[in-house]
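*Asks:* In order, the protein sequence lines correspond to chains Y and S.
Throughout the first sequence, residue numbering follows my numbering, covering 1 to 93 in sequence.
Throughout the second sequence, residue numbering follows my numbering, covering 1 to 247 in sequence.
In case anyone wonders, no lab produced these hints; they're calculated from the structure.
Treat each hint with caution, since some may be false.
Said to hold, decoys possible - The following residues of chain S were derived to be distant from chain Y, with all beta-carbon distances above 10 Å:
1. E38
2. A42
3. A55
4. A73
5. G77
6. S121
7. D146
8. A177
9. A194
10. A209
11. V238
12. D242
As the list claims (entries may be wrong) - Reference listing, derived: stretches of chain Y covered by chain S, where coverage requires no fewer than 3 residues with Cβ under 8 Å from a Cβ of chain S:
13. 18–27
14. 33–43
C-beta atoms are modelled at their ideal positions from N, C-alpha and C, and glycine is treated no differently.
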Amino acid sequence: MHTYEIFLKKDGRDEYRHAGALDAATDDLAMVMARESYIRRAEGDRLWLVRRDHVIVADPDLIAPNADKPHRHHDGSAVAARRKAMRNEGASS
Amino acid sequence: MTVDVTPAVREFLLAIADDKHLMGQQHAEWIGVTPFLEEDLAFCSIGQDELGHAALLYELLAGDDDAAIDSLAYDRGADDYRSCHLVELATDDWTVAFARHWLFDTADQHRWALVSQSTVSELQDVAARVEREERFHRLHADNMLDVLLADATARDRFVTAVAVLAPLTQGLFEPVAGEAEAVATGVAAGPLAAEWDAFVATIEARIGAVEWGSAPSQAQRTLRSDDWRPLMARMREVIDLDLSATW
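Let's have the full structure, built from the sequences with the hints guiding it.
*Replies:* Shown next as structure tokens:
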């Protein structure tokens, strides 16, 4: 028995999106079960199955150091806050 | 979409519809209690397809009026149904239920092939639609069988379940009185019973020789089995609460 991750795509509109997972004894059975469980209402017209044990998973230690680097965020909030402060100073003088 | 057919051809089509209707109901009753979640969804989905196929045929006979379709599906007297005893059989054994799905859908392929070039053109359309869905039913059964038959214990249980169903399966091939006229007028390409040997070859190629036993006494599908009445009572459970209710 393997666990399979299910990905669906609507042609021309979306990227493949994770829809869920299922357990099955063989690849063929997994495909049939995915068809009946995830696309019986035409939720997608393309279907990928990926065996979970084939997914290459990152070690949390590999990812963690990047959680504390605000200088890499380009959302402009620091600049916006500075400009707002300057506008407020101009209005009050 | 309604077809204008003789009483004999109507009876022939009703037999197909009634088998589909009851098979769909039987599958649907497994929702929530199949051995694992994936199969729960798949089995119920297949059951819904079967009900849909029955509805297409009832609609051919009763027209677009929902009340007329419902009446045809649910309100006939026991003598007026034309189901075979295989689809009426009550079971709480999932192996039997699954074996019946395999046997029924394998036989169903022969049945629909016989009407795929029917002189009733609307029936050709229904047959094409049904086959588009049925091939996935067979794929489901075959892929599951690959797994079950590879395991000695599962294989024994499955073969035992087929043995339980084998006599009733012969009843699926028993014609209604109207079949002869349906064949004579080209509604069907031939009698379903002529497909029996090919059906048996398919089944036995998979699981070895089967002791088919004696066919049930169905009197050209006019006799209901003991399990039919409780099954119909479950199907009518809500309707029967208030027969005058408007839906």
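*Asks:* It remains to establish, for every hint, whether it holds in the given structure.
*Replies:* Taking the hints in turn, this is what the structure says about them:
no., hint, in the structure
1, E38, "violated, 4 Å"
2, A42, "violated, 4 Å"
3, A55, "holds, 17 Å"
4, A73, "holds, 22 Å"
5, G77, "holds, 35 Å"
6, S121, "holds, 27 Å"
7, D146, "violated, 7 Å"
8, A177, "holds, 37 Å"
9, A194, "holds, 31 Å"
10, A209, "holds, 27 Å"
11, V238, "holds, 24 Å"
12, D242, "holds, 31 Å"
13, 18–27, "holds (count 5)"
14, 33–43, "holds (count 5)"
The structure does not agree with the numbered hints 1, 2 and 7 stated previously, though it agrees with the rest.
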